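Undergrad: Each chain, letter by letter, is given below.
There are 2 protein chains.
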Amino acid sequence: MNQKLPSVLLENAVNELASLPGIGKKTALRLALYLLRRDIGYAEALAEAIVNLRRHVVYCKQCHNISDSEICTICANPVRDHTLVCVVENIKDVMAIENTGQFKGVYHVLGGIISPMDGIGPGDLQITSLIERVAKGEIKEVILALSTTMEGDTTNFFIYRKLSSYDVKVSVIARGISIGDEIEYTDEITLGRSIQNRTSFNDSIKI
Amino acid sequence: MNQKLPSVLLENAVNELASLPGIGKKTALRLALYLLRRDIGYAEALAEAIVNLRRHVVYCKQCHNISDSEICTICANPVRDHTLVCVVENIKDVMAIENTGQFKGVYHVLGGIISPMDGIGPGDLQITSLIERVAKGEIKEVILALSTTMEGDTTNFFIYRKLSSYDVKVSVIARGISIGDEIEYTDEITLGRSIQNRTSFNDSIKI
Numbered sequence: 001m002n003q004k005l006p007s008v009l010l011e012n013a014v015n016e017l018a019s020l021p022g023i024g025k026k027t028a029l030r031l032a033l034y035l036l037r038r039d040i041g042y043a044e045a046l047a048e049a050i051v052n053l054r055r056h057v058v059y060c061k062q063c064h065n066i067s068d069s070e071i072c073t074i075c076a077n078p079v080r081d082h083t084l085v086c087v088v089e090n091i092k093d094v095m096a097i098e099n100t101g102q103f104k105g106v107y108h109v110l111g112g113i114i115s116p117m118d119g120i121g122p123g124d125l126q127i128t129s130l131i132e133r134v135a136k137g138e139i140k141e142v143i144l145a146l147s148t149t150m151e152g153d154t155t156n157f158f159i160y161r162k163l164s165s166y167d168v169k170v171s172v173i174a175r176g177i178s179i180g181d182e183i184e185y186t187d188e189i190t191l192g193r194s195i196q197n198r199t200s201f202n203d204s205i206k207i
Numbered sequence: 001m002n003q004k005l006p007s008v009l010l011e012n013a014v015n016e017l018a019s020l021p022g023i024g025k026k027t028a029l030r031l032a033l034y035l036l037r038r039d040i041g042y043a044e045a046l047a048e049a050i051v052n053l054r055r056h057v058v059y060c061k062q063c064h065n066i067s068d069s070e071i072c073t074i075c076a077n078p079v080r081d082h083t084l085v086c087v088v089e090n091i092k093d094v095m096a097i098e099n100t101g102q103f104k105g106v107y108h109v110l111g112g113i114i115s116p117m118d119g120i121g122p123g124d125l126q127i128t129s130l131i132e133r134v135a136k137g138e139i140k141e142v143i144l145a146l147s148t149t150m151e152g153d154t155t156n157f158f159i160y161r162k163l164s165s166y167d168v169k170v171s172v173i174a175r176g177i178s179i180g181d182e183i184e185y186t187d188e189i190t191l192g193r194s195i196q197n198r199t200s201f202n203d204s205i206k207i
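Sequence order for the protein chains is H and L. Take this note's numbering: the last position of the first sequence gets the number 207, and nothing is skipped along the way. Take this note's numbering: the last position of the second sequence gets the number 207, and nothing is skipped along the way.
Isolated chain H, as found in the complex (with noise of 0.2 Å):
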């Protein structure tokens, strides 16, 4: 799309939001259309929200997790397993497995994953922070929950090996199979995994 608007105002705005990551030109100028269509009190609330988002967040200072004191929800809460934590690469990964409701332990939120392509380093993750949870003795278990990707998997092996002097047990959550995929389509590598990786009947049909 080149096209001439006819009000810096405007170009700024659809520049502005075709800037956000998925949102293209086309899309910001309807957006930017449909704010004018608005009353002012619509535009306030929203460039309100997405300051006070910015500058009044807060992570919590045991898992990093986003939260709205010093101390996350989760890491609060007496009633879960302080000793397993689960090591996640983002938010969004803690929200997903929040969701299905199957975990009763505490996060720590990586903040990404190992990628030297994307010039990302162990130092620039919240690695340190792990290990120092770990030293202080409490924690029994730490569930490695990152991505089945060349990163997910380096990153799960520098930690391993960074962890391999505590006495604490490393787990890496399942691989395989997805419930209701079939066989037949499944990737080979996945596949091949889901059989190296097999469980005993009696185990899988306790789930």
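To be clear, the hints were calculated from the coordinates, so they are not data collected in a lab. Owing to the predicted nature of the structure, the values given are computational and were not obtained by experimental measurement. Beta carbons: idealized from backbone N, C-alpha and C, even for Gly. Hints may be right or wrong, so weigh each one.
[To be verified] From the structure, some residues in chain H lie toward chain L, with a derived Cβ separation under 10 Å:
no.	residue
1	22
2	29
3	60
4	65
5	70
6	117
7	118
[To be verified] Taking lysine to aspartate or glutamate and the EDC-like style, the derived pairs with C-alpha atoms no more than 20 Å apart in a straight line are:
no.	chain 1	residue 1	chain 2	residue 2
8	L	4	H	98
9	L	169	L	141
10	L	26	H	98
Got chain H; can you put chain L on it based on the hints?
TA: Chain L in isolation, oriented as in the chain H frame:
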């Protein structure tokens, strides 16, 4: 999606973003987390552009197009043909026609079309100001370029009736088969109209 978000600030931002058309909760969350990863200046620039757009935007006094000054650049352009007025529904239509580079006249933006289902009557649109422009006697032709829907046709007819007492030619943009379309796949109404409104072969090759 029914996720418990870990922060009220995040929840506010997600709700505000999700209130925009075409943006669901999932996209809103992705945008909010993206904003968190960028620096504060980015969020502020976005918020400022949104508020400034809504607060300071001006509409052209003559054609009601969005503008940075009282009279828009199109209406203020002495090279354009001010005796030829193209009536459109909204600002996007102006931009679409401008992009063709085929129209050298000026515009009149109605701000919508007559749609009793949506509670939009002639009084909600810039029809009176169109009549006033025509009444000045300088306009020779009014081209109606509205959607080819029932509502568009109703609005066309309403404007046509209102203008019938003035010495002005009223025309409608051509409706027919789109360039590149195959007869076989054209819907019956378009095909029927395109036969009714056939043009002399000599005229058709002039363009």
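Undergrad: Check whether the Cα positions of residue 26 of chain L and residue 98 of chain H lie no farther apart than 20 Å.
TA: Holds, at about 16 Å.
Undergrad: Does the closest beta carbon of chain L sit nearer than 10 Å to the beta carbon of residue 60 of chain H?
TA: Holds - the Cβ of residue 60 of chain H comes within 10 Å of chain L, reaching about 8 Å at its closest.
Undergrad: Is the interface hint satisfied for residue 65 of chain H? The criterion is a beta-carbon contact with chain L at less than 10 Å.
TA: For residue 65 of chain H, the interface hint holds, since the closest Cβ of chain L sits about 6 Å away, which is under 10 Å.
Undergrad: Was the hint right that residue 29 of chain H lines chain L, CB cutoff 10 Å?
TA: 7 Å, holds
Undergrad: Please verify that hint: residue 22 of chain H, Cβ, nearest Cβ of chain L, below 10 Å or not.
TA: With a closest approach of 7 Å, the residue 22 of chain H hint holds.
Undergrad: Going by Cβ atoms only, is residue 70 of chain H closer than 10 Å to chain L?
TA: Violated: closest Cβ of chain L sits about 13 Å from residue 70 of chain H, beyond 10 Å.
Undergrad: Hinted pair, alpha-carbon criterion (20 Å max): residue 169 of chain L, residue 141 of chain L. Please report holds or violated.
TA: With a Cα-Cα distance of about 5 Å, the restraint between residue 169 of chain L and residue 141 of chain L holds, given a limit of 20 Å.
Undergrad: For the pair supplied as a hint, residue 4 of chain L and residue 98 of chain H, is the alpha-carbon distance within the 20 Å limit?
TA: It holds: about 8 Å lies between the C-alpha atoms, which stays within 20 Å.
Undergrad: Regarding the hint that residue 118 of chain H lies at the interface with chain L, is the smallest CB-CB distance below 10 Å?
TA: 13 Å, violated
Undergrad: Per the CB criterion, is residue 117 of chain H less than 10 Å away from chain L?
TA: 18 Å, violated
Violated hints, listed in ascending order, are 5, 6 and 7; each of the other numbered hints is respected by the structure.
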